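**Student:** Spelled out, the chains give:
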Amino acid sequence: MSEAEPEPVPEPVVGPVVGPVVEPVVEPVVAESEWQRLDPRMLLVHPVKEVVRFLPVLVGVWFAGSAAGSSWQLLGVAVPVALGVLRYLTTSFRVAHDRVELRRGLLERHVLSTPVDRVRTVDLTASPVHRVLGLTTMRVGTGTASSDDDEQLDLDGLPVERARRLRDELLRAAPSAPGAEGDLDAEGRSRPPAPAAPPVLVLDAAWARYAPLTSAGLVLAAAVVGGGLQLLQVLGGLDRIDVDGVARDVATAPLLALAAVAVGLGLVVVAGLAVVAYLVSYWGFSLRRSGASWHLVRGLLTTRETSLDDARLHGVTLTEPVGLRLAGGAGLSAIVTGLRGEGGAASALLTPPAPYAVVAATAAAVVGDAEPVMGPLVPHGPQATRRAWVRACAPALVLAGLVVAVVLADLPGTSSWLLPLVPALLVGGALLGRDRARSLGHALTARHLVARRGSVVRRRDVLAREAVIGWTLRATWLQRRAGLCSLVATTAGGRQSVVVADVPRALAVRLAASARPGLLEQFLLVDESHG
Amino acid sequence: MPHEPDLQPDPQPDPHPELRAPSQRVSPRARTMWTVETLLEGLVSAALVVVVVALVDAVDVTWWGVALLGAAVAAYALVVPRWRWAVHRWEVTDTAVYTQVGWWSLEQRVAPLSRIQTVDHVVGPVERAFGLATVTVTTASAAGALRVSGLERDRARRLVDELTLRAEAAGGDAT
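Protein chains in written order, with our numbering: chain A, 1 to 531; chain B, 1 to 175.
Source of the hints: derived by calculation from the structure; they are not laboratory data. One or more of the hints may lead you astray.
What the hints assert, rightly or not - Simulated restraints, written as ranges between beta carbons of each label pair:
no.: 1; chain 1: B; residue 1: L48; chain 2: A; residue 2: A222; range: 33 to 43 Å
no.: 2; chain 1: A; residue 1: V276; chain 2: B; residue 2: V59; range: 52 to 62 Å
no.: 3; chain 1: A; residue 1: L478; chain 2: B; residue 2: R147; range: 19 to 29 Å
no.: 4; chain 1: B; residue 1: R158; chain 2: A; residue 2: H110; range: 35 to 45 Å
no.: 5; chain 1: B; residue 1: R158; chain 2: A; residue 2: V79; range: 53 to 63 Å
no.: 6; chain 1: A; residue 1: V79; chain 2: B; residue 2: L39; range: 54 to 64 Å
no.: 7; chain 1: B; residue 1: T136; chain 2: A; residue 2: V456; range: 50 to 60 Å
no.: 8; chain 1: A; residue 1: P56; chain 2: B; residue 2: G124; range: 38 to 48 Å
no.: 9; chain 1: B; residue 1: L39; chain 2: A; residue 2: L478; range: 24 to 34 Å
no.: 10; chain 1: B; residue 1: L39; chain 2: A; residue 2: A262; range: 54 to 64 Å
As the structure is a prediction and not an experimental result, all values here were calculated from the model. Just so it is clear, CB atoms sit at the ideal spot from N, CA and C, and this is done for glycine as well.
Put together the whole structure using the sequences plus the hints.
**Tutor:** Structural data, given as structure tokens:
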């Protein structure tokens, strides 16, 4: 029953740039226009992958086989290898008639097809196995809402050079110069084509110091501390059962010290792991511009090259988790259509966690304007500040009240050592409220809408005004009473929306009307006496 | 956007601009339908609560407890659907769709016709009984769907056709 403009037909108005893909203008393109298999070297990759995937089954078969006879064992190896070969033989792709098409499946034929002018991003990922063989996996991002793995246009297994050329054609970048092959760096990786623009950002290994402070690092650390506490509780519990009186006190003291040491050691290990993970993930990070897209390279073991079409890059988000912010760091991700899902979220990042100044400079370069990134923000006024305080302090007050009540009621299992929690809760609530109120702000620059909010994770969203595809004004009864509302600018990329939180109503309406002239004006009250 | 001409260039912007409500209300039958729906949901939840309390020995099921619960459900079913209906409005112009929904939390959504991707016409089982339908308008943003529920069936049908035509006229590639 759903109608209306299904998938708008790709219109030829895009211009002559689409031409090279069909017409045999550039030499390699001709090769891609016929149905063809992926690189035969994948015959080595697939069986290895299949064997790994079947490992549990294989182990079982192996044991069963040693009892029953050796022919079973052979089968256990042959099946995965055969599956790998089948997968290679049944997968083919072509670039023809302005479309990229991927055909796969033996019993269930599956043809995935997308218009070339719908290609938003191209991502080249090479696992260590791929790298040894000089191959890479190409993922073509089209902005589909589907996060289903089967719907992904993955060309798994192309020679690196060919993948790069194909990528440039898909992104309609200037075709590689004939001498592009000669332009290799020390590791045999070619530099992205087009003018040798200096990279906007190159990794400084010293930034790895931020690794333990990122959200991921903090979660790891919390897990270790939690585990340590649990261990302590278990030990303490056992202790309480086994001994009593003085003996317990003597026994608990070293136990506590032991637990403290264990937690401390755990934190050091976690910090070390986080640093290693950071370096493995971001090694060789560089962000540079070439032609009409941004190219991002990173990775120590699995290398990853992401290309973002400039026209689809609608903005950036500066993210400061509290740990990172206290250390003066931040991270940057792109608001871009064509990247979705968990893998997508990771590849939309534009900088690793790095010093704020570096991140801001990169953001300014990507956005093409420093004002939305570094310029001042309009605060949201006293009502918004009050609301932030109330929302942070009220739960803290309730919790503190509960603690006091529990201690007063003298419930079993509680004691007065809970009382220090009360001031901690109150101070925490106050700090949170103050910081949230200070974070709130927005701005409207020549081409961008800017919004900042949050405390535990503070975000500054910079969204191109023309990428706004709708407005939502949302207000609860309490917000309405305070004359506030949340203005949501919906967009097709990133987190799908940018929220200007708790902004005075009149300011919100004016902001929305001036950010996209011609849309909201028709719904405004014309009553002049209103103001 | 080039395809959305500035209709009324305002030389002196109002210092305190405010959105007016959309012009169209939905069918009065929607009020009845929501009341029935809310009442049914409320009764089922209340029955669940009573059963759980009855199974747990700590508290006895008392007649006044049940009466209180029933009164709360009835009050909710009486007030909320009416409140919702009073808020619930929609409007389609040459360039945009505008909806207003909610009760405690109120939401006004505006989307330009040029960014419309799909228009859905859905009739749920309860809606079928009341001869009503829901029209959902989606844009390229997963956060941007506009929903008008409680429309009379043929009005909904006409709205779909109208939106389809206007969206085509407005052009754009909807991304």
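**Student:** Which hints from the list above does the structure break, by number from lowest to highest?
**Tutor:** The structure conflicts with hint 7 only, although it agrees with all the remaining ones.
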